Amino acid sequence: MMTMRKKRFFTIGIFIILMISSIVILDVSLISGSEEAELNFEKESFSPSIPTESGVFRRSEFAMDYENMPENEKLARKLKDYYSNRAYPGAPPTISHPLLSEKGIGAQSCLQCHENGGYVDQFKAYAPVTPHPEMLNCRQCHVAVKTDELFVSTNWTKMSHPDVEDNTALEGSPPVIPHTLQMRENCLACHAGPAAPKEIKVTHALRINCRQCHVPVKDFTTLKIEWDSTDQFFRKPK
Amino acid sequence: MPVKSYLVFPHIGKKKALSDILVDMSWCEILPAENEELIVLVTDTENEKEEEKCLNSLNAIPELDHYTLVSGFEENSKKVN
Amino acid sequence: MNRREFIRKMAAASAITAAATMFPGIVFAEEQTRDLPEGDILWKKSPCRFCGVGCGLKIGLQNGKAVAVKGDPESPVNKGLCCVKGYHSVMALYAKDRLKKPLVRKNGKLVETSMKEALDLVASKMQETIDKHGKNAVSMYGSGQWTIPDGYVASKFMKGAIGTNNLEANARLCMASAVTGFLSSFGMDEPMGCYEDIDHADVFVLWGNNMAEMHPVLFSRMLDQRLQRKNVKIIDLATRTTRTSTAADRSILFKPQTDLAIANAICYEIINNGWVDTGFVKNHCTIKKGKTNIGYGLEDKFAFKDEAQGIDFEEFKEFLKDYKPEDVQELTGVSAKDIKYLAYLYGSPNKKVTSFWCMGMNQHTRGTWINNLVYNIHLLVGKISTPGNSPFSLTGQPSACGTVREVGTLTHKLPHGVVMNEKDRKMAAEIWKVPVENIQPKPSLHTVEMFRALDRGDVRFMWIQVTNPMVTMPKLNRYREGALKEDRFIVVSDVYPTPTTDIADVILPSAMWIEREGMYGNSERRTQHFDQLVDPYGESMSDTWQIIEVARRMGFEKQFPWTYENHIEEIWKEYSLFHKGAKHGMAPLEVLKSEAGAQWPYVNGKSTKWRFHGKYDPACSKGDTYDFYGKPDGKAWIWARPYEPAPEEPDKEYPFLLNTGRVIEHWHTGSMTRRIPVLHQAVPNAYVELHPEDAKKMGVINGGKVKLTSRRGEIELPASINERGKPVRGHVFVPFFDEGLLINELTLDAFCPISKQPDYKKCAIKVEKA
Chain A
0 MMTMRKKRFF TIGIFIILMI SSIVILDVSL ISGSEEAELN FEKESFSPSI PTESGVFRRS
60 EFAMDYENMP ENEKLARKLK DYYSNRAYPG APPTISHPLL SEKGIGAQSC LQCHENGGYV
120 DQFKAYAPVT PHPEMLNCRQ CHVAVKTDEL FVSTNWTKMS HPDVEDNTAL EGSPPVIPHT
180 LQMRENCLAC HAGPAAPKEI KVTHALRINC RQCHVPVKDF TTLKIEWDST DQFFRKPK
Chain B
0 MPVKSYLVFP HIGKKKALSD ILVDMSWCEI LPAENEELIV LVTDTENEKE EEKCLNSLNA
60 IPELDHYTLV SGFEENSKKV N
Chain C
0 MNRREFIRKM AAASAITAAA TMFPGIVFAE EQTRDLPEGD ILWKKSPCRF CGVGCGLKIG
60 LQNGKAVAVK GDPESPVNKG LCCVKGYHSV MALYAKDRLK KPLVRKNGKL VETSMKEALD
120 LVASKMQETI DKHGKNAVSM YGSGQWTIPD GYVASKFMKG AIGTNNLEAN ARLCMASAVT
180 GFLSSFGMDE PMGCYEDIDH ADVFVLWGNN MAEMHPVLFS RMLDQRLQRK NVKIIDLATR
240 TTRTSTAADR SILFKPQTDL AIANAICYEI INNGWVDTGF VKNHCTIKKG KTNIGYGLED
300 KFAFKDEAQG IDFEEFKEFL KDYKPEDVQE LTGVSAKDIK YLAYLYGSPN KKVTSFWCMG
360 MNQHTRGTWI NNLVYNIHLL VGKISTPGNS PFSLTGQPSA CGTVREVGTL THKLPHGVVM
420 NEKDRKMAAE IWKVPVENIQ PKPSLHTVEM FRALDRGDVR FMWIQVTNPM VTMPKLNRYR
480 EGALKEDRFI VVSDVYPTPT TDIADVILPS AMWIEREGMY GNSERRTQHF DQLVDPYGES
540 MSDTWQIIEV ARRMGFEKQF PWTYENHIEE IWKEYSLFHK GAKHGMAPLE VLKSEAGAQW
600 PYVNGKSTKW RFHGKYDPAC SKGDTYDFYG KPDGKAWIWA RPYEPAPEEP DKEYPFLLNT
660 GRVIEHWHTG SMTRRIPVLH QAVPNAYVEL HPEDAKKMGV INGGKVKLTS RRGEIELPAS
720 INERGKPVRG HVFVPFFDEG LLINELTLDA FCPISKQPDY KKCAIKVEKA
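Chains as they are written, first to last, in numbering that gives the first Met the number 0: chain A, 0 to 237; chain B, 0 to 80; chain C, 0 to 769.
Hints are computed from structural coordinates only; laboratory data are not their basis. Fair warning: there could be bad hints in the mix.
Claimed, not checked - In silico lysine-lysine, DSS-like type, Cα no more than 27 Å apart, as pairs:
{"hint": "1", "chain 1": "C", "residue 1": "768", "chain 2": "A", "residue 2": "145"}
{"hint": "2", "chain 1": "C", "residue 1": "339", "chain 2": "A", "residue 2": "145"}
{"hint": "3", "chain 1": "A", "residue 1": "157", "chain 2": "C", "residue 2": "99"}
{"hint": "4", "chain 1": "A", "residue 1": "102", "chain 2": "C", "residue 2": "706"}
{"hint": "5", "chain 1": "A", "residue 1": "157", "chain 2": "C", "residue 2": "339"}
{"hint": "6", "chain 1": "C", "residue 1": "695", "chain 2": "A", "residue 2": "102"}
{"hint": "7", "chain 1": "A", "residue 1": "102", "chain 2": "C", "residue 2": "99"}
{"hint": "8", "chain 1": "A", "residue 1": "157", "chain 2": "C", "residue 2": "78"}
{"hint": "9", "chain 1": "C", "residue 1": "229", "chain 2": "C", "residue 2": "99"}
{"hint": "10", "chain 1": "A", "residue 1": "102", "chain 2": "C", "residue 2": "768"}
{"hint": "11", "chain 1": "C", "residue 1": "704", "chain 2": "A", "residue 2": "123"}
{"hint": "12", "chain 1": "A", "residue 1": "145", "chain 2": "C", "residue 2": "99"}
{"hint": "13", "chain 1": "A", "residue 1": "102", "chain 2": "C", "residue 2": "95"}
{"hint": "14", "chain 1": "C", "residue 1": "706", "chain 2": "A", "residue 2": "145"}
{"hint": "15", "chain 1": "A", "residue 1": "102", "chain 2": "C", "residue 2": "254"}
Everything numeric in this text was worked out from a predicted model, so none of it was measured.
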């Protein structure tokens, strides 16, 4: 049983300890909070991973919607139209419609139609969907066409675009991917929906995991093509 | 004359050893992964007998833990080019 | 390849796909480097032909021609993305009027001749000029689009063999102020940071550069960062509203030339608010002041030499008292609030700030000063040489750094050091195997002076390679007339007919870019190699080999002994000798060939990403802290530089200001890009941007004709109102890519007295409806 005096000392002591500890804890947390985060300099070296699986699954949340999208034979694009505004297969297409405004880098002005597509009455066409909506400086690569004339004519030979015929190993096999995948990892953007060129439109957008069956290999029917030695797929068996 | 592809998993730490063995085996071509303990194996045999021999050799490799078949191609019907 | 092999490949491909589903991020060695072929296309790497970003490309080759382009996914610069010029770059090789054979002007007409005869003529004319008028009557004008070997043999030829310092390059017109800014502030050229700063910075301040159009791939990297990290801010500090302004978080407009005052006002605010990193300033900086009222270079033979005087911090504070934000509001057109906001962004201790600039600050009659001042801001707050904290001077051309600055193709430079320094001359003489007396110890003529000398007759012979001065020289009329005078012999090496080939006496067809082996060096000190990927067109010959052929004809076989097969390799080996050491070591050729380039200093097998801090830079010798080893005391210099007005301010007679620049679709004078159908059809001709109110007052509608007149020339252009860019009232903007609308006939050849770089962004004009 403590005396009154001892009790008082005890209580005051406890309060002092609490005060000191709260000051200490506050200071420690303040100091550690304002410490600059230790910069992890050993940054992971940049490692690309192309072909990559992740791009395939973009737009997969719309898979069901693809089943319900309208089909319009008359307004569907042809594959040659698709390639007509590209300098070579894989080049960024030029802007095939007049623009409302010259200002700005693109971003929302372009994405409002080209992120998800849709019918545009003014041009009587379905807007093609971009496979890379995260790139906002659209006009860095996609430029308008202001004239038909040339400054000087050119000897540029446009290479032929990949064919849709004879793309399968066996009768009824899943066709192979005859084009490079860089910037085109998202299959559904071009192969599904009403803006898809008719020749490459798929019947089964719902299946999502495209690359489970469709692999990126070049067209095997033109057998005279030589593989380049830098292009070895395998180590030769000894 | 099937052409088959497998994912081959070595026992832990045995990827290099397994690669060396498989590279020397008849009918086998390999593609080891860089950052996982995994090897892609493609076998190409002429007939049923060879196929069986190939599988037996695979099963006999101690460094091999397990493998799974991914795809197979049988060229019975010739496609007209 | 037969069917069997094909099936095996398909089988493997399925297995790889299955593996990738199970192990996301799995990597199969060959897969990473294997390029998926298209038809029978072979993909080879190369740096892009165009801007100073230096994107890595993969060029698609088919049947001996370049047919396609991809971004190189393995390049840390652009990570697989390009811009519209890069994607269509290969088309520049194939226009119908490509120069095929050498041409010689006889009685006013151009006559075809053989390469041998043309080179004989060039060598003999050069020798004749030297014999008649002396070594300093011959000159060479090269380019920031020269490859490193091009510049190296030019330097060895002119400075070592012939013995004249009349060697200049068009980078004098784009990067000279950046160079003198670096040298005066740090004693060593080129940025201390790298593009990786973009991945770390919290704030980007763009000083007068339209990055969305001019360094688009870097801008996209910034936009990407802003998507990923919500606190990232982009501030556009500019004299007109551009695409960059619309994409930035804040667009702050200022009056041209007053960037000097703004930078000083920001420093004032930083000091006033106690945001100075006093430890850093005390230990790693000294403060200097230089001369003032330094002139504008308008007179022939204008000479200026700066003088540094040490001052202390109190004097510096006193100097900045003239730049209180409230006091400069009227001058700059920027509110005190905005200046204080910028100061806050720089001064706030937890924000990493990267400043980017290019021509707005470099093509400036006080270009060296404004470069110093932006470094001052970073130095006062200690935000430099660490990831994300970066005053970054961007380069315009693909190899202004690699060739002009690092090889030193300027009148005062040597591959290591300067001609004024005896040790540097001795080193060059030894490596070049020439007598040291050959190398002249005094710089002779910078670009503007060189063209003035051609006009006066002090220079009689000029060899122009890979550039188009008859479109790009300011006050163009004088220099074109000068070049056409009697007894001037002009040799032009180019790929297409241009206004410069129009005044040439001999035209040599050059092999273009991937038609020969070479290297470029980009803004972030990255040297990138490219092989010869296609055969040169017709009889065209690489610029390097043209110089070697002429040098041999003039008796210098000993200095240029290499064979065609080994010359690039040998040149690189010889050149690397100049830069040995931890401060500037260059990577060996094998590394450049196998990787997406390497950054110098390349030490112990690694690129140095950040310089001047011991943690990142092996050349530092002070431990884990800053060491500005470019300066003798290891300290960076803070320069007190005042505001001084532009030489030609608007007045009653010429009330408007003319600004010139570029658009994303066209490169420089358009000689290549206008011949690429996609690019030409996107922007077919030049125009003049007007503010809508000014246009209304004059009765001009969009597309209507407008006449611009300056004290030097006049021009008629279609108006562009509220389109891609919008100038402020009283200003106009004209792109200079159109050789049919030569805007440089109106510009003024005033330059920064320290760097000698002309100011293309301000001259006084009158504007009226045509």
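Could you grab the alpha-carbon distance between residue 768(C) and residue 145(A) and see if it respects the 27 Å cut-off? holds, 24 Å
Take the C-alpha atoms of residue 102(A) and residue 95(C), compute the straight-line distance between them, and say whether it is at most 27 Å. violated, 34 Å
Below or equal to 27 Å on CA atoms is what counts here, so check residue 157(A) against residue 78(C). holds, 26 Å
For residue 102(A) and residue 99(C), compute the direct alpha-carbon distance and say whether it is at most 27 Å. violated, 41 Å
Is residue 102(A) within 27 Å of residue 706(C), Cα to Cα? holds, 24 Å
Between the alpha carbons of residue 695(C) and residue 102(A), is the straight-line distance 27 Å or under? Between residue 695(C) and residue 102(A) the Cα gap is close to 20 Å, so the pair holds against 27 Å.
Is the straight-line distance between the alpha-carbon of residue 102(A) and that of residue 768(C) 27 Å or less? holds, 24 Å
Does the structure keep residue 706(C) and residue 145(A) at a Cα separation of 27 Å or less? holds, 23 Å
Residue 145(A) paired with residue 99(C) [C-alpha distance capped at 27 Å]: Judged against 27 Å, a Cα distance of about 31 Å means the pair is violated.
Given the hinted pair residue 102(A) and residue 254(C), is their Cα-Cα distance within 27 Å? Between residue 102(A) and residue 254(C) the Cα gap is close to 22 Å, so the pair holds against 27 Å.
Would you check the hint for residue 157(A) and residue 99(C), treating anything up to 27 Å between C-alpha atoms as holding? Roughly 22 Å between the alpha carbons, so the hint for residue 157(A) and residue 99(C) holds.
Does residue 229(C) pair with residue 99(C) here, judged by a C-alpha cut-off of 27 Å? Violated: residue 229(C) and residue 99(C) sit about 54 Å apart, past 27 Å.
Of the numbered hints stated above, those contradicted by the structure are hints 2, 5, 7, 9, 11, 12, 13, listed in ascending order.
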